[in-house]
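J.: Produce the entire structure from the sequences given, and follow the hints as far as they go.
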Amino acid sequence: MNAVAAAEAPSVADFARTFRHVQAQIHKVIVGHQQAVEELLSALFAGGHVLIEGVPGTGKTTLVKTLGLALNLSFNRIQFTVDLMPADITGTRVILSGEDGRREFSFQPGPVFCHILLGDEINRATPKTQSALLECMAELQVTVSGMTHTLKPPYFVMATLNPIEMEGTYPLPEAQLDRFLFKVRLEYPDEGEMVRIVTNTTGPEDAGVEPIFSVGEAAERIEGLKRLVREVMVAQPIEHYAARMVRATQPSSSRYIGQQTNGLRVDAVDRYVSFGASPRGAQALIMGAKVRALLDGRANVAYEDIDQVAPAALQHRVMLNYAAHSDGIDAAHVVERVIQAVRPARA
Amino acid sequence: MDHEPAQARGEEKSHLILDQVASIRSRLNALALQKGLFGGLTFILCAAVLIVGAAFAFSPLTFLLLGIGVTAAAVAGVARTARAAWRMRTSNERAARIADERAALKGRLTTMVAMRVEPRSSLWPYLIEDTLALREQFAAAKVEPRRLSRWLWAALVSCVVAVIVMRLAYGVRTARLGANSPIVNAPGEPTADLGDLDIRPADPSVEPGTEIDADPATLRKLAEKLREAQRGGQQGSPTSRLMANARDAAKALQNKLTGGKPAEPAPRLRLTDKKGGSAGKSAAESQNNPQANGTQDNPQNPGAGQQSDQNQMQPNTAPTPGVPDMSGLAALNGLNNDDPDPNGSLAQNTPPNARKVPPGGTLGSGGSDHGSGTDPQHLYGEAEKPPLGNDTFKIPVEVGPSDEGSSNTAPASPPQRTKSTLNASQAPDEPFERASIPASDRVTIKRVFER
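Sequence order for the protein chains is A and B.
Residue 1 is where the first sequence starts when you use the numbering used here, and the numbers rise one by one after that.
Residue 1 is where the second sequence starts when you use the numbering used here, and the numbers rise one by one after that.
Read the hints as simulated data drawn from the structure, not as lab findings.
This list has only true hints and no planted wrong ones.
Cβ-Cβ distance ranges computed for the label pairs, FRET-style:
id, chain 1, residue 1, chain 2, residue 2, range
1, A, S253, B, R83, 32 to 42 Å
2, A, G203, B, R120, 51 to 61 Å
3, B, L16, A, P163, 47 to 57 Å
4, A, P153, B, R83, 53 to 63 Å
5, B, L16, A, K28, 40 to 50 Å
No residue lacks a Cβ here, since even glycine has one placed at the ideal position from N, Cα and C.
T.: So, in structure tokens, the structure goes:
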């Protein structure tokens, strides 16, 4: 049994090959955004969820949809609005008439019951509806009327945020932001990319995305790759490095870091950050670094892997204060300063 | 069944990798050790060269300040280098991390060293194979090409410079030592104002360095004057005295290094033994040695013992600390009646039979060689040695003729010898030249003298 399992277990080379294959399929549709696509797939194989931020028309929805097609997994999309209720996304009990005419309550699953869920413009829903996603994302289950319904793995939530048109929106609470492994930015395409987008989308034929896996094996193969990611080894100094980086995002004046001193002070953090990353940030760093190590054909995490995933893993976990907003400082700037401050302290 | 051999091969491969990490560690530690040793040596040599150079180039005070600064800098440099070398010491984990960085291994060695004890991942064999394939990249010679620290060259250069400077300094020092030899250039003697002292030369033919005699009180005053002259430059505030001491110490060190003229020795009054019994001993030694002081019967020198017995009858003869015992000079000062000190009248109080020379003794009276201190009874008698013990003071004092008298009655010095031309009735005090006797008169002269 074990021998069979070992024989079926994907290797490091399998992982990199599958990853690049999916990436190539996505880029048949999505022009540019190489880093965003790589981070998106990294979060998928690391077992996390992604918050996508981008202006309208940059291909957020198309990206998620293409991913579902490439992986041949079930895909649902929820357009979050102000009047959207939690039951609209989780499902509810409805009265159904049986063949014998009897009426009984039956659970009608909501759109969260799928493998890949796109929550479009999640900041337009009320916090009550937003928090309905928490249980799904963290525990892969939904509780309705006292009954718990399990979600089938792999479960991957991608929520999009529109950074403009902020009127009438409900910014995501920190607790919910923390549950997203990465925050991916979709930048505005340059001229060459714009031409390619126009060419690909205005022609008579759509770009055909070929599924990587068959319907029956897709979930199992992806879960196997996720298990392989967790096998990647991380040396203790590198774990300390990640922990030090996360602690460096906390301002030294924070009352939540306790008596223990931070050990590393970053001026930008002290000036512009009201609250830094949580331990989930360190987990995100390590898991993302493991994916990057496998992509590089390694079974171990390097310092460079931590540095590469740090912006995506920490940006949305750093809460900026008013001084940052007034000075025009964003979280990416602060995280970059943190990386620069921690890098010499590799010990 | 294939599992155990595969595991053994994996262990063997991991040991190969870890051995290579250990060799990197050894090389890095050797470099750290070399840095500590050669770095410290470099700082010490540079400091020595600077100090020797400063000894030749600067005044004592500048040399002192520069020496302190250079020494402090050298100590700081040695400490800093030792600290840096201590920090450079390498463990296996650190060696693996350095190798990862220099060979761009992206944490492979760090992970292997960190997880070698308990590899819990199924990817461990993969990591071993992956790392082993890159083995040539992290060879010790590639990770750290240097076997010798750069500090070795710094130490060698400083050694060469130090040898050159030391040879030059040795040559200059030797030349200066030759120039400052006591034969060539005798050290100067301290001078003191002796205006209120009654000192008479032992011999009218006054020459520099002449031994002089005086009564004990005068000699005590003289000794005090010399001491005051010696410490004349050391008076002042404690700070200035401290500075003077520091300057003297710096000067002494500078002279040692450069072979310069050594500091003048402290003037000392000492008891000398005309017989050579206690010559060269200091006054303090003389006080501690009863034989040298004549305070105990000496079988080889009964005169001294006799003198000692006489001294014991005198009051106030105990030597003052720091002042030489001058009781042995008492007999010499019999004619000096100005001093009411009983020691001064010792020669007059001594019975005549005590002045006879005992067999083998050294007791003697004055004579023509004894000047104004001679007993008139013995002027025409057999010359006797002065009734001294074997101890006396030898005081190097610059003495010359002067018109000023130390007292109102006696001149300070004998009249000068003058030469004048002879008149017609005078003839030089020389014998006539013997004339030859004519042959005709020889018989007559012979007859007269035979008669």
